[in-house]
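In order, the protein sequences belong to chains A and B. In terms of numbering that gives the first Met the number 0, the first sequence opens at residue 0 and continues consecutively. In terms of numbering that gives the first Met the number 0, the second sequence opens at residue 0 and continues consecutively.
These are calculated hints, taken from the structure and not from any lab test. Some clues are possibly wrong.
Intra- or inter-copy, both count: the list cannot distinguish identical chains.
Said to hold, decoys possible - Result set (SDA-like, lysine to any residue): computed pairs, CA atoms no more than 20 Å apart in a straight line:
hint	residue 1	residue 2
1	K594	T720
2	K594	N117
3	K385	V431
4	K18	I102
5	K18	P187
6	K593	A603
7	K18	A101
8	K18	D190
9	K18	G185
10	K385	T400
Number of protein chains: 2
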Amino acid sequence: MSTPLSFQDIILRLLAYWKEQGCLVQQPYNIQLGAGTMNPATALRVLGPEPWNVVYVEPSIRPDDGRFGENPNRMQMHHQLQVILKPDPGDPQERYLKSLEAIGIDPRQHDIRFVEDNWDSPALGAWGLGWEVWLDGQEITQFTYFQQAGGQTLDPVSVEITYGLDRIALALQGLESVWSIAYGAGIPYSDVLLASEIEHCRYYFEVADVEALKVVYDTYEREARRCLDGQLVFPAHDYNLKCSHLFNVLDTRGAIGVTERANYFRRMRNVARDISVLYMAQRQQRDYPLLHHGLWQGHTADESGRVDFSLAPSFPHPFVLEIGSEELPAADLTAAIAQLRTAVPALLTELRLDYDTVEVQGTPRRLMIFVSRLASRQADRNTVVKGPPANRAFDAAGHPTQAGLGFARSRGVPVTELQVVEEKGGQYVAAVVRESGRAAIEVLAEALPGCIAGLTFGKSMRWNQTNVAYSRPLRWLVALYGAQVVPFTYAGVHSGRTSRGLRPYGAPSITIDDAANYARLMREHSIVTDVETRQATITTAATALARSQGGVYRDDPELLEEVANLVEYPTVLYGRFAERFLDLPAEVLVAVMKKHQRYFPVYAPDSRLLPAFITVRNGDAVHLDTVTAGNEQVLRARFADAEFFYRHDIQQPLAAYVPQLATLTFQARLGSMLDKVHRLEQLTPAVARLLALTAEETAIAQRAAALSKADLATRMVVEMTSLQGIMGGHYARTSGEPEAVALALAEQYNPVSTTRPGLALALADRLDSLLGLFAVGLAPRGSNDPFALRRAALGIIENLVANQRSFDVRAALAEAAPLLPVASDAETMAAVLGFINGRMEGILRERGISAAVVRAVLAEQGHNPYAASQAAAALAEAITAPDWPEVLASYSRCVRITRQLQETLPMQPEALAMPAEQTLWTAYQAAAASQDGTVTRLVAGLRSLVPAITTFFIDVLVMDEDLAVRHNRLALLQRLASLPTGVADLSHLEGF
Amino acid sequence: MSTPLSFQDIILRLLAYWKEQGCLVQQPYNIQLGAGTMNPATALRVLGPEPWNVVYVEPSIRPDDGRFGENPNRMQMHHQLQVILKPDPGDPQERYLKSLEAIGIDPRQHDIRFVEDNWDSPALGAWGLGWEVWLDGQEITQFTYFQQAGGQTLDPVSVEITYGLDRIALALQGLESVWSIAYGAGIPYSDVLLASEIEHCRYYFEVADVEALKVVYDTYEREARRCLDGQLVFPAHDYNLKCSHLFNVLDTRGAIGVTERANYFRRMRNVARDISVLYMAQRQQRDYPLLHHGLWQGHTADESGRVDFSLAPSFPHPFVLEIGSEELPAADLTAAIAQLRTAVPALLTELRLDYDTVEVQGTPRRLMIFVSRLASRQADRNTVVKGPPANRAFDAAGHPTQAGLGFARSRGVPVTELQVVEEKGGQYVAAVVRESGRAAIEVLAEALPGCIAGLTFGKSMRWNQTNVAYSRPLRWLVALYGAQVVPFTYAGVHSGRTSRGLRPYGAPSITIDDAANYARLMREHSIVTDVETRQATITTAATALARSQGGVYRDDPELLEEVANLVEYPTVLYGRFAERFLDLPAEVLVAVMKKHQRYFPVYAPDSRLLPAFITVRNGDAVHLDTVTAGNEQVLRARFADAEFFYRHDIQQPLAAYVPQLATLTFQARLGSMLDKVHRLEQLTPAVARLLALTAEETAIAQRAAALSKADLATRMVVEMTSLQGIMGGHYARTSGEPEAVALALAEQYNPVSTTRPGLALALADRLDSLLGLFAVGLAPRGSNDPFALRRAALGIIENLVANQRSFDVRAALAEAAPLLPVASDAETMAAVLGFINGRMEGILRERGISAAVVRAVLAEQGHNPYAASQAAAALAEAITAPDWPEVLASYSRCVRITRQLQETLPMQPEALAMPAEQTLWTAYQAAAASQDGTVTRLVAGLRSLVPAITTFFIDVLVMDEDLAVRHNRLALLQRLASLPTGVADLSHLEGF
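Please work from the sequences and hints to get the whole structure.
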């Protein structure tokens, strides 16, 4: 192996490579930027219709990524190499991969992957879809189809390729830290940049003068505005960049709260938008000088000529459609397969094409539809077409009139074949139109574009002049009916018979001679098209691999689904990390492995973590050691980062973070997170009382409430929000808080609390959020639920149910209301309760309980989720009893006759004269006395009353003429009717 | 010829070239910089002992160079490519020239020159010596030996090479404007950068918010200080750079007065100094990590062994010394030749080496000493050494004592050869010590280093580890005595026999076999070593060339001397420029041609300028057309710039610039230039009255005074200070001022005024400066004359003399005094007058007038320069008359006898009784009546009195016992003695 390139040689080679691809070679910008995207050579040039191809290096400054030179690959300054290709040249990924080869990265020796990563800059009003490119697990490039910039939709779309040069050098030189990289001239990277790195970190984290820089920000924003007033795009952009850097510095100093942050973003975005609009107007005014630039013509598909379908085969054949694309996001792949599994059979039916089976599969680079024994032609079809009334089509003599003749002619049938049909009492002539089936290949050619277009994705993108939207750029189409191409064009791509092989093998062309051979050819090229097979392969191999190392692989279906969808040919590998990282909380390690790297953790038999991980490579086992070493290196850097946060966070006790919550806005009118904490400190004990906690438990709950949000101000949680609560628990322990407090903190966001103080806190937190946000008018609408209030409501319900706790939500809301800084009236509380009931209804219905039963129970117990849940189950059971209709009918008679009464009548038992009256009264008293609020007792009671009620209605005329008698009887029935009050409203039930 | 490189390819090639030379390849800095020097890769890395070799591109921002994209090669942003070589590799110029070849610049096809240009950044506390490199007249590179940075002396010195990439591309692609340059990918430079250029100009010149940015400057300076307090070098440097850019913006907006500017410079320099000191301390603390870097060892001369001088020839031979160096500044070359022409003969004499002739010559790259028939050995020498007194060296018997024996032994002579010598009346023994002459080659080897070290230059530099100082790096030494090398080492260079040829021929090695052949070999290699020959060649060729084009070449000795010293082989060429530029004032065109380009203007026979110039190329006529075209292109850009200034300046009348003078400080206590103008508006009419100008002339002078400094605020004068006054005159005309006002303005700085209003203004201006600056204690001291007050005094004198105007300086100073904002007492006025008299004395003495005469005249007429000048000449003439001693003696008798009298005695003519008295009185009256203040009449009068005086002293006893008689006679003599009052004080004369 030859000596790897130095850092400077990597840069020079890449510049030369992209120059050869027709790019301009520009310089880094002379203003501190967070990313090459902000350089006007990108930020402005991507706007408007003009072509633009450029490459440049951009030392990028991200103050909050500073680690004082202690992290192996995370720094406040890293070097980007930025490429813009506008418009899409049609093969940007291939060009990119060749650029890696140009600097010595052989795809055969590594694992290079395109992992979904969508880019969004709220400060720039910009976003795009694309990938992180992973080299042996290390993110080395951001590859994006830029969709919008400065709030403007981009047309054409630009391909943006952003190399992380430092990490590439690290990988290429096989080192453990960027500071060891050979920069050039025999000098290590550390000698060039380390002193500056450390000092800049100290400036950003410790020294910068917050108040003074805020003033400069305001000044520079005004300068940007002055520039815009003077129609000066570039100077305005410069100032917006300076503002952005100042913001980053302020942010790193911890000087910016959430609301303030949104405010700064809005300000920068507004300036960016105005700059973009002005730039586009100016370019238009100059008649787009680069628009007719010869070298930069976009890639356009040449239209294929008409096709002769007469050669179509005449008996069934297999059909295959392969939609080849750049790497689909894992979730999009899953979604697309599901959609096609429904859509394709429906389509074939609609097309009247018989078939044997439909199989839909896919990998990140291809969606595949295989239809066996597809009919060569559509079935013929007779259609009855209604014509004029019969008496106008034929005269009285039965001869056709002009109208009749005209209709027959227009439908292409002899007049003699017209029939008479009857409709809505009238008689009409009708023609039976016979439609011959067309060749399958012809109808497929027509239908397939619509089939592909019918796919929907969470986020779609455009990439070329056709402006077709798809998950990621669609690059090839294989469509074969038997040996014949089904010819069509979609998104500028012509269908054909050429597929592409695995990327690690150089993505060779694969010619499919016949649809029948598709599966075999894929296998021969090591492509595992079948999702389930890939998943099974991974599970089997991972289990065996873990076991061989004395460890345990745990199923993780969600992660498995994603991982299996990131590869076309999974090969599992086993990596290790340093033991010392096990000192960090296991949740942190697991979160890092799963979230950032999609690694499977490996456990010891005693369930503790082993210092190891399992991951999957796309391709075979060749040079697997290189890939393993690369992944280990990545994880080392990730863990070092976590260690950095952890060490920082435990320098002060958890309680010390509480005051910082004042800068974190919960919601504008509801105050900061600190305000919320203050409310929870009062609400949690009240909830504890409602839950009948002991004094000791209540004190623990209250302490937990006081610390509940402190971890939001720690670096670990700022970096990985998913660890909120969990870190609170850890830091509580390191701060010497009681274990019970730590437990309550740790589980506060869990669906189910395992401790009683934890339950009190979890309920209080969610109740405060629900009532507060409803009170300020932020109840969820439609699919818009930014504060995740549905989850909060579900959390209350499920937690109470799981803990089998009766709990009066109404009472709790009444405690919460006065603590809020805004008024919340009875109506608001009712709305919250209604919202919770809505979730309850969903849960109970999902358990198979009928809507009627659910409604019946919620009408009386909606405020008490656990009780309602129990009651619903019991009621659902009860109504299955054979005598239930009789019981209900009996009860309902009592209700119906008393329903119109406005008020509860007084009851005079001594005035009941008739035996049936007296018997019923006695029976009622016994039934009422037996009630305990459960459905069981209720139903038993009602059942016990049936004979007495029956006798009563036989023997007694309720509506006696004597009003006193009548009223006394009605009063008795009212009491019977109210027996289920507080348990269920039986009037909702069927048969009532 | 192959296609020239694109702009981006030039960059990539140069980076690759310097990488091959062992340089690190770094990136431009991410802060707006005025020059690559400010990038910490230079500004900090040049400090301290560590080696450092780096190359990087630096887009450099100089707001006030902005021309709104209208100039062909001047922009607010240009691209530098910066190279630092530390330490000096020994051949940086050759490496640099090879880099030009690497991008396709063939030295044979162009004129590449190293033209002195010393670099100095007051804001950075940095300076260096070196050159502009000219490519066909175009400055394409700054080549500097960096001597000091951040106020710290650099050791080792760094070689700093700063390419002007845009201009190089312009030249290489043979274009007329940078905006036409092919940038790369088929895109012109204009499509990449023009819009940004124009907009940034508009921002810098028209939009930037001055007050707001001043506040930011203060904030950023404080941030820099905070960083320094925290020991953070790099962040502090960043802020200092930001301050520098802010300053440039403010300056371009015209928001910074002279004093304020100095203040800002001081602030930036102080921060830069503190940064440098801190950086150096930190590097030392880290034990200089790069110090032992293997690849970057400095260039050290290997010491040569001892030399055997026994082979020295034994009869006279020619001797040649050639001191080869990088290009000497023209003035240094002249100075060095002059010094050697004196020093070498003196040295040879001191060395007792006989010779025939000494010739000293030189070119920019070599100083040459040729000695014909130099003796092969020193002459022998006998030295008499004095010993002890004779009576202690020999006893009474004449035998030597121990003392005598010891002395003889110590001097190496037999005691018998001791002699007795007499000195100051004592007798001593003495030894005659005989010293044999050593070989010439040996004594030369010893003496030549001292001879070279004895050269002094205006500014010397160090460049390598020897820390020897010389004008520019000394690179080779030829020292031959006949065919033999005179071996010595100086500045790390060993003497030898290898010289180097012309740069355009690739500077081939020239081996000198024998000193006798030196001149022939130089001729053969086309090197014209003789300064006078080069000058004559240029004059002859230029005259002929101009004539052939119908024009006239005018002698300009100063320019000729410089131009002849810039080349080793002059070839004259004739270039043209566009007619339209002739619309600009001729002075502007001439100033641009001479000052910036060292071109000779060409005149039509009617003395108007022709649109043409003559310049000199170093080398022969091969590809002279390319060189001519290049020079024409340069001049076009220069003139376009002048046109830009001119067009801007005439957009408002000259008077409109007056208020801007408020920001231009004249002197702190004397106020702004506007204050000075206000004083001149009052003083000039007063001076006019003293000059007896008419009312009309006075009005003109006053108007001129009001406008006198306005042009200092115009862009043309800001750019070319030498045009002050001249531009005032032009702009007065374009503003519609009377021609007389324009004339007065135009000539205000001239030594001689041609108009009377101009004279009044010129005198008023200088008097105000003299009196004001003396009053605030800024009279010149020693050689320190920052306000050029010597020139001001001379200007007053010469102007009055040339205009033959009597003028009472005392009266004028009395008018000036009350106008000043500071007190100026009689003593101050006397000091000014004394200062002017000092200059007068110098002028008159230079005319050959004796000190006595000058003193005599100045004693009486020092306040009136013209009159004094006339009187001195006349008196000098008068004292040459044969009878003058008699006349003076006669007069002096009258003076001497009355000198002690304290007061003038009353005269009673009627009381004169004796005929001699009466005769004298009568004669006196006649003489006194004939006086007109001239020396001629005075001398005639004194001569006429001689007989009467003689008779008087014979006949009359002055000191009569009768006091009344005595006093009357003394009174008569007092009147005689006072006859010269106001003309001359004859007591200063010889023979008085």
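Hints, one by one, checked against the model:
In this homomeric assembly, K594 and T720 come within 20 Å of each other (Cα to Cα) only inside a single copy, at 11 Å, whereas the closest approach across copies is 67 Å. Taking the shortest Cα distances, K594 and N117 sit within 20 Å of each other inside one copy (15 Å), while across copies they are farther apart (60 Å). In this homomeric assembly, K385 and V431 come within 20 Å of each other (Cα to Cα) only inside a single copy, at 9 Å, whereas the closest approach across copies is 153 Å. Both within a single protomer and between protomers do K18 and I102 lie at most 20 Å apart by alpha-carbon distance, with minima of 14 Å and 17 Å respectively.
In the homo-oligomer, the alpha carbons of K18 and P187 lie at most 20 Å apart only across protomers (15 Å), although the nearest pairing inside one protomer, at 27 Å, exceeds that limit. In the homo-oligomer, the alpha carbons of K593 and A603 lie at most 20 Å apart inside one protomer (18 Å), although the nearest pairing across protomers, at 87 Å, exceeds that limit. Within a single copy, K18 and A101 get their C-alpha atoms as close as 13 Å, and across copies as close as 19 Å, so both meet the 20 Å cut-off. Proximity of K18 to D190 under the C-alpha cut-off of 20 Å is restricted to the inter-copy arrangement: shortest distance 17 Å between copies versus 30 Å within a copy.
Only between protomers do K18 and G185 lie at most 20 Å apart by alpha-carbon distance; the minimum there is 11 Å, versus 27 Å within a single protomer. In this assembly of identical chains, the alpha carbons of K385 and T400 lie at most 20 Å apart only when taken from the same copy (16 Å versus 164 Å across copies).
The earlier numbered hints are all upheld by this structure, with none contradicted.
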